[in-house]
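Top to bottom, those sequences are chains A and B.
The opening residue of the first sequence carries number 1 in this note's numbering; numbering runs sequentially from there.
The opening residue of the second sequence carries number 425 in this note's numbering; numbering runs sequentially from there.
If a hint is listed, it holds; no wrong ones were tucked in.
No farther apart than 30 Å at their CA atoms in a straight line, the calculated lysine-lysine pairs in the DSS-like style are these:
id	chain 1	residue 1	chain 2	residue 2
1	B	664	A	145
2	B	569	A	218
3	B	778	B	470
4	A	145	A	354
5	B	642	A	394
6	B	818	A	218
7	A	218	B	705
8	A	230	B	705
9	B	743	B	722
10	B	569	B	778
11	B	654	A	145
12	A	281	B	654
13	B	642	B	664
14	A	218	B	722
15	A	68	A	37
Per the computed footprint, the stretches of chain A lying under chain B, defined by three or more beta-carbons under 8 Å from a beta-carbon of chain B, are:
id	region
16	262-275
17	379-386
Covered stretches of chain B, going by a simulated chain A footprint (3 or more residues, C-beta under 8 Å):
id	region
18	571-581
19	637-648
20	662-673
21	700-710
22	808-815
Derived by calculation from the structure, the hints in this document are not laboratory data.
These figures come from a predicted structure and were not determined experimentally.
Heads up, the beta-carbon is just placed ideally off N, CA and C, and yes, glycines get one too.
2 protein chains.
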Amino acid sequence: MKNSVNLGFIGISGRGSGMLKELLSCDGVKVPAVCDKYEDRALNGKKIVEENAGYTPDVYLDYKELLKRDDLDGIVCCTTWITHARIAIDSMRAGKHVAIEVGGASDIEECWEMVRASEETGKFCMLLENCCYNRSEMALFNMVKQGLFGEIVHMQGGYQHDLRDEISLGRENRHGRLYNFQMRNGELYPTHQLGPISKVLGINRGNRYISLVSMASKARGLHEWIVNNKGEDYDLANYKFNEGDVVTTMIKCANGETVVLNHDCSLPRPYSRGYRIQGTKGIYMEDGETIYLEGISKENKEHWTHTWEEFYDDGYIDKYDHPLWKKYRQDGIHAGGHGGMDFLVLSAFVESVKVGSQPPIDVYDTATWMAITCLSEQSVAMGSLPVPVPDFTKGMWIDREPYRRGQFCLEEVCTDCFSKEELE
Amino acid sequence: MKNSVNLGFIGISGRGSGMLKELLSCDGVKVPAVCDKYEDRALNGKKIVEENAGYTPDVYLDYKELLKRDDLDGIVCCTTWITHARIAIDSMRAGKHVAIEVGGASDIEECWEMVRASEETGKFCMLLENCCYNRSEMALFNMVKQGLFGEIVHMQGGYQHDLRDEISLGRENRHGRLYNFQMRNGELYPTHQLGPISKVLGINRGNRYISLVSMASKARGLHEWIVNNKGEDYDLANYKFNEGDVVTTMIKCANGETVVLNHDCSLPRPYSRGYRIQGTKGIYMEDGETIYLEGISKENKEHWTHTWEEFYDDGYIDKYDHPLWKKYRQDGIHAGGHGGMDFLVLSAFVESVKVGSQPPIDVYDTATWMAITCLSEQSVAMGSLPVPVPDFTKGMWIDREPYRRGQFCLEEVCTDCFSKEELE
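Make the full structure from the sequences, and use the hints.
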């Protein structure tokens with residue numbers, strides 16, 4: 001196991017800047033090279049490294065030049081959605097492990113290319129799905145593995161986030177979402193809840209997604225926001241956006257579970273990922289942060305008066321905190337992005353590179369989760385026809401063993417990473 | 425307009441008993457004939473009329489005999505699901521208006537038969553969708569019509585009700601749900617939230633459902649309940665139920681709105697119809713009873729910190745109470761079933777029969793809403809293929825005018841039924 005790793009950083013947008021700072025705070029990380037195609041952003045990356053780590057990295061405008069270096073163990077990529085897969089593939093082909101920010105794939109072929117690149121080079125490709133490392137998601141994962149929900153039957157999640165300003169002003173703020181919403185129509189951003197869902201369902205390890213269907217509503221929100229905020233003379237005021245305001249996707253699993261995803265970013269609403277876990281013994285819903293577990297939750301006699309408990313206020317989060325979060329909180333919370341989950345997901349990648357063992361979110365997970373986007377677009381384009389989900393493991397999902405269980409493993413709540421006392 | 429009506433009552437189960445009492449409390453209603461194929465239930469109907477109305481009705485075991493009477497203006501039918509359509513058709517063919525309890529259709533053809541029977545005889549066929557008359561649904565309908573949600577884009581609803589005991593003990597309690605869950609697989613009970621949704625979306629009046637897709641999860645809940653509560657020697661302990669525990673249905677509208685329905689009756693959970701209304705100006709969600717209206721709800725400066733308000737506690741329900749409910753509450757709440765909505769939906773039918781004008785839920789609504797069940801079964805059976813929804817109005821939906829606006833009308837919040845003062 002290495003004590004330190006050299007990582008190149010590509011893509012220093014607003015999000016990239018935050019992630020670069022997080023990465024520099026991970027133990028044993030050095031970032032000797034930063035890159036962005038915009039010079040001001042690249043120079044900002046240099047400044048961030050100087051201010052946060054005390055040394056000066058080399059600056060690149062072309063990521064392919066950065067990839068020619070032979071002193072890098074891995075790459076962290078925070079570029080725009082449609083470039084993630086190709087940069088991941090190029091990084092692995094250049095002999096580097098790679099971690100990419102979340103987003104969806106544009107075509108199934110680039111998912112296969114990621115898989116082939118990883119299998120042929122032995123390099124890792126990890127989607128930085130931070131929500132897998134959110135405190136409540138990990139506590140719930142812990143509860144599922146302990147059997148508290150019984151057999152899992154149905155799950156829901158979504159990315160429900162009012163981003164009308166960020167999307168509409170995509171040219172002004174150089175954010176790629178605008179073009180995606182102009183041109184595409186489908187589940188553009190599936191992984192924030194699909195990641196935790198996939199880990200609960202054991203996707204690619206004894207279970208897999210077999211088919212999906214998507215349906216898109218009409219597109220009205222961005223037009224109305226632009227007219228109201230930029231005026232009728234603004235050049236996009238009459239633009240007909242392709243992306244439906246609400247896109248719903250239903251996914252069927254090999255073992256019979258169903259998943260419903262909701263993409264909802266262009267209407268006014270409070271944020272929610274709409275997480276739902278439903279099994280033969282109970283249900284959790286993020287909306288309202290409510291939970292009901294048969295035989296555990298407070299009960300009325302009448303069957304129709306089961307009552308919700310509060311996931312936070314009734315103590316579930318504390319009682320079932322995941323060992324990783326217990327440890328993290330005991331060590332003192334890192335003042336990082338999104339409540340700590342950015343730091344944790346980057347730490348998981350760094351640990352994998354140090355140990356030289358596959359990350360908890362591997363190339364099969366990455367390909368499967370990202371593929372939902374282009375499959376969803378296909379389904380919408382064909383009037384909500386069901387489309388098959390590829391098996392990126394090519395049959396291996398049937399009997400794959402978990403990887404080495406590092407402290408960031410997401411396969412199970414295991415006694416290999418934590419002592420019995422830590423698990424209780 | 426008649427001052428009183430004679431109604432025959434068919435189907436005196438637990439639900440039927442409650443509805444018969446409600447019906448007898450409606451102004452100007454006489455029930456001279458009751459019917460159930462089980463003699464004990466039929467006699468119970470007689471007793472209910474005697475005790476609640478002070479006269480003795482004739483008792484029938486065969487509804488076709490009851491339909492031969494020439495003193496009945498209409499029929500109220502609370503039999504088992506799969507018999508609603510045929511009894512409705514026979515009633516209209518026998519010259520009686522008919523109201524039927526909720527449920528889904530077994531085949532599209534019986535929906536068309538209902539439409540034909542109503543068109544050919546001039547008799548009404550009203551689905552008794554009580555949730556259309558629930559207080560919060562009516563207040564929300566009022567708010568939609570006043571434009572508070574902007575243009576409606578997406579809606580959700582469901583029937584999420586832990587009925588494992590009622591279903592599993594269907595033979596012991598003579599409830600037809602058991603056989604439906606044994607044999608069928610689809611959205612068996614769509615109308616409780618589809619009714620209010622359809623009225624918000626103007627279905628069959630300027631809008632219509634054009635296609636749907638359904639997906640069913642595996643079936644585990646009933647088996648587990650039976651084993652745990654009736655033991656492994658119970659004859660149904662190893663029965664393989666067809667009905668998936670959670671069935672999700674996506675429906676597309678002619679005007680581009682999407683609807684997601686959720687059927688979830690065989691897992692442990694608190695009750696919810698999961699109502700969601702989402703438009704270009706705001707969102708309401710039954711789960712949590714939360715609402716957010718842009719420019720009205722309390723606001724933070726940051727776009728990602730929109731905050732929910734409480735639909736009840738923050739006064740929305742009082743401020744936007746529907747005129748019908750304002751009047752109903754002023755007159756003194758009727759201590760009836762399901763918080764008053766059973767009384768109101770029956771009153772709507774009674775008013776229609778008295779006036780001789782089509783009811784607020786007409787045969788086209790009834791056929792459309794009930795059809796979702798068999799269409800959903802078809803979609804599930806074909807691996808979630810999309811299926812077209814028939815246009816039961818045969819083109820009339822494009823420019824239909826609202827019927828006479830009685831106080832129970834569900835077409836709009838109109839000044840024909842209520843004064844301006846009542847609407848404010």
